[in-house]
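K.L.:
Put together the whole structure using the sequences plus the hints.
Protein chains: 2
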Amino acid sequence: MAVGLGDLPVLHPVSGFELGIASAGIKKTGRRDVVVMRCAEGSTVAGVYTQNAFCAAPVLLCKQRMQSQPRYLVTNTGNANAATGELGLQTANAVCQKLAELVGCPVEQVLPFSTGVIGEPLPVDKINAALPDAVAHLAEDNWALAGEGIMTTDTLPKGASTQFEYEGVTITVTGISKGAGMIRPNMATMLGYIATDAAVSQDILQNILHDAANKSFNRITIDGDTSTNDSCVLIATGKAAVAPIMEPQGELYDALRKAINQVAMQLAQAIVRDGEGATKFVTIEVQGGAHQQECLDVAYAVAHSPLVKTAVFASDPNWGRIVAAIGYAGLSDLQTEQVNVYLDDVCIVANGGRAASYTEEQGAAVMAQDEILIRIELERGGCKETIWTTDLSHEYVRINAEYRS
Amino acid sequence: MAVGLGDLPVLHPVSGFELGIASAGIKKTGRRDVVVMRCAEGSTVAGVYTQNAFCAAPVLLCKQRMQSQPRYLVTNTGNANAATGELGLQTANAVCQKLAELVGCPVEQVLPFSTGVIGEPLPVDKINAALPDAVAHLAEDNWALAGEGIMTTDTLPKGASTQFEYEGVTITVTGISKGAGMIRPNMATMLGYIATDAAVSQDILQNILHDAANKSFNRITIDGDTSTNDSCVLIATGKAAVAPIMEPQGELYDALRKAINQVAMQLAQAIVRDGEGATKFVTIEVQGGAHQQECLDVAYAVAHSPLVKTAVFASDPNWGRIVAAIGYAGLSDLQTEQVNVYLDDVCIVANGGRAASYTEEQGAAVMAQDEILIRIELERGGCKETIWTTDLSHEYVRINAEYRS
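One line per chain: the protein sequences are H and Z, in this order.
Heads up: the first sequence begins at 1 in our numbering, then just goes up one per residue.
Heads up: the second sequence begins at 1 in our numbering, then just goes up one per residue.
Careful, some of the hints might be misleading.
Covered by chain H, according to a simulated footprint, are these stretches of chain Z (three or more residues, beta-carbon under 8 Å) [to be verified]:
1. 114-122
2. 308-317
3. 331-337
4. 352-360
5. 388-402
Simulated from the structure, these hints should not be mistaken for lab results.
Virtual Cβ for every residue (Gly too), placed ideally from N, Cα, C.
P.N.:
Right under this line is the structure:
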């Protein structure tokens with residue numbers, strides 16, 4: 001039921017970054033569910049992680065190892081290794097240890113990632129048994145297979161790729177992501193891997209990723225549930241024949257940042273388009289806020305309202321539910337008579353009440369579309385924020401009532 | 001699909017408080033949808049109202065008129081008269097004006113209440129045409145009919161009643177409520193009317209209602225949507241032959257407060273039991289918080305998580321979703337290894353991880369019940385809060401996708 005999400009686009013290989021996929025049979029026999037990634041020597045690696053206090057064991061290990069010049073990433077789907085306590089840390093590390101032995105590197109240079117059911121013990125033996133096969137298949141052109149390998153309730157793999165020229169050299173940025181439920185900002189149930197062959201110092205790479213995530217992965221929500229496992233990493237292999245980026249400025253820096261932002265945005269929006277049970281892709285734009293936070297508060301109140309979401313599912317321009325959500329977003333001294341609301345270009349609420357020009361037919365026509373823009377004007381200041389979300393359908397309930405069974 | 005909610009209990013008449021019901025045909029011809037209530041001269045009236053910034057026109061009028069010694073309450077269902085701007089105020093007042101003329105009192109002594117669809121103009125003519133009939137039928141024993149008259153998506157009317165003796169005199173507290181969706185604290189899409197024949201000064205009555213609402217109506221959530229119209233009023237007619245309560249102390253004060261709290265709690269829980277699509281009644285108890293607010297933050301994070309709600313619907317003890325919700329509730333420095341979670345008496349999470357003694361069968365047995373207690377121990381302090389909520393079912397989506405059509 002993904003909205004406007006088709007086959008994977010061409011995913012250009014990134015020189016110095018290889019991916020290998022294997023089947024450990026964690027939830028289903030034969031399903032490719034383990035992905036190993038290798039970064040060329042000298043790569044820099046940045047990461048952003050969930051802010052959930054119950055962050056999973058692999059997230060804890062990743063955070064510890066970001067300064068150890070990571071060389072390998074190992075991901076399993078089917079089990080999140082979250083809320084698993086001390087045993088979780090041991091099992092996550094056992095997988096890293098096995099991979100480290102296979103490839104001959106210190107365990108500190110292996111980053112683990114897990115996604116799937118929370119609270120069940122990680123099946124270490126199954127995963128470890130699959131690692132040699134994954135390592136044997138490491139190759140730069142395996143992005144599409146890896147995109148499938150990290151899926152959980154996703155219905156389609158998600159990837160994005162772009163290239164640009166700098167001083168006659170082609171620079172590539174390619175990424176994959178997964179996530180369809182337990183999605184809300186501060187990283188979703190979401191794994192994202194983006195690699196470039198540019199060379200970037202670690203601190204600048206971290207800043208670029210932080211900014212890119214704030215404009216993309218941290219602006220999407222499906223059900224408002226912040227996952228325990230969200231992780232997004234950005235790798236710069238330095239294999240392209242251009243000078244390394246050591247300062248946050250210059251033509252190459254600007255072009256790379258733009259390319260990474262673009263890939264991150266496409267990956268994040270793909271997650272929403274494939275949201276659990278999604279039948280609509282909804283953009284919520286809040287303008288005229290006094291500051292960023294109040295724009296986000298309004299946008300998320302609307303995005304998380306089950307009543308708005310079910311109305312969108314029903315293609316019902318029940319705009320009263322939108323204004324009700326704006327009203328409880330917690331803005332101090334909101335002057336409701338200054339609020340305007342648009343569905344695409346149709347003004348449905350003007351000065352806090354139903355717009356005189358509005359007809360139900362106009363609203364119904366917009367709501368019937370697969371992609372809908374809800375634009376809210378607060379007229380309190382000059383700030384603006386945009387987030388992306390989905391509707392709430394029968395299928396969402398079915399998926400999440402039946403998951404695990 | 002109401003959970004554990006049967007026929008109305010006996011609703012004892014309250015001397016000095018009459019109710020009259022009529023049919024205005026607002027949404028359905030023949031449906032009784034207009035209720036007039038009359039408070040005996042000398043009654044005191046207290047009210048608590050929605051905190052939604054887009055609060056409806058009738059709420060604005062009610063708030064203005066609380067100090068005008070209200071004598072009449074007029075309620076319509078089928079139309080919320082919310083987000084209707086200046087016209088909304090005019091139409092709400094036009095209904096009050098008509099009633100004032102009929103009964104011969106100043107318009108300031110009439111409080112209007114509306115519930116139903118947001119954003120559509122109030123059908124004043126229909127309502128006004130029904131008022132004479134409602135007034136003609138005013139009687140003290142009409143509580144049950146009035147309970148039906150205020151319903152929207154409710155499947156059952158909701159009422160509660162209790163009596164106690166003081167110095168040989170029987171004191172009565174009786175109430176009705178409505179609400180099934182757009183329900184979350186700070187008053188839900190909820191109307192509540194409670195009356196007693198005790199005599200209580202207005203300021204003390206207001207405090208009693210405020211406290212009672214905070215323990216009942218402000219501790220329930222169905223979908224997290226705070227409505228534009230929530231209103232709860234408490235009327236003291238003073239017709240019982242006991243001395244008036246002028247101080248917040250004494251045996252009568254204590255007994256009355258207890259009775260009002262009990263009625264408010266039953267009315268609030270009835271709303272949850274009849275929550276849209278509800279198949280389960282869930283109590284969430286958070287203990288060991290450093291302060292009340294963090295207990296509430298955790299309780300509401302769990303109560304609002306669509307993933308927890310769908311798991312409850314599926315009778316699936318997918319406790320990982322509960323800990324994930326605790327983890328994103330925003331508590332600073334949450335030590336996850338101190339967190340314990342129980343389903344009824346079954347310990348599912350001990351010290352932040354799956355309890356050693358826990359078996360899936362134990363969890364499944366509790367989840368299969370209609371009524372479930374989720375108890376969370378934070379071990380950060382001595383505070384405790386309890387809220388009540390429902391699951392998220394196919395039926396919830398169906399009701400809210402089809403409402404209006």
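K.L.:
Look at each hint and say if it fits the structure.
P.N.:
Hints, verified against the model:
1. 114-122: holds (count 4)
2. 308-317: Since 5 is at least three, the answer is holds.
3. 331-337: Satisfied; 4 residues make the cut.
4. 352-360: Three-residue rule met by the segment 352-360 of chain Z, so holds; n is 3.
5. 388-402: holds (count 9)
Checked against the numbered hints above, the structure violates none of them.
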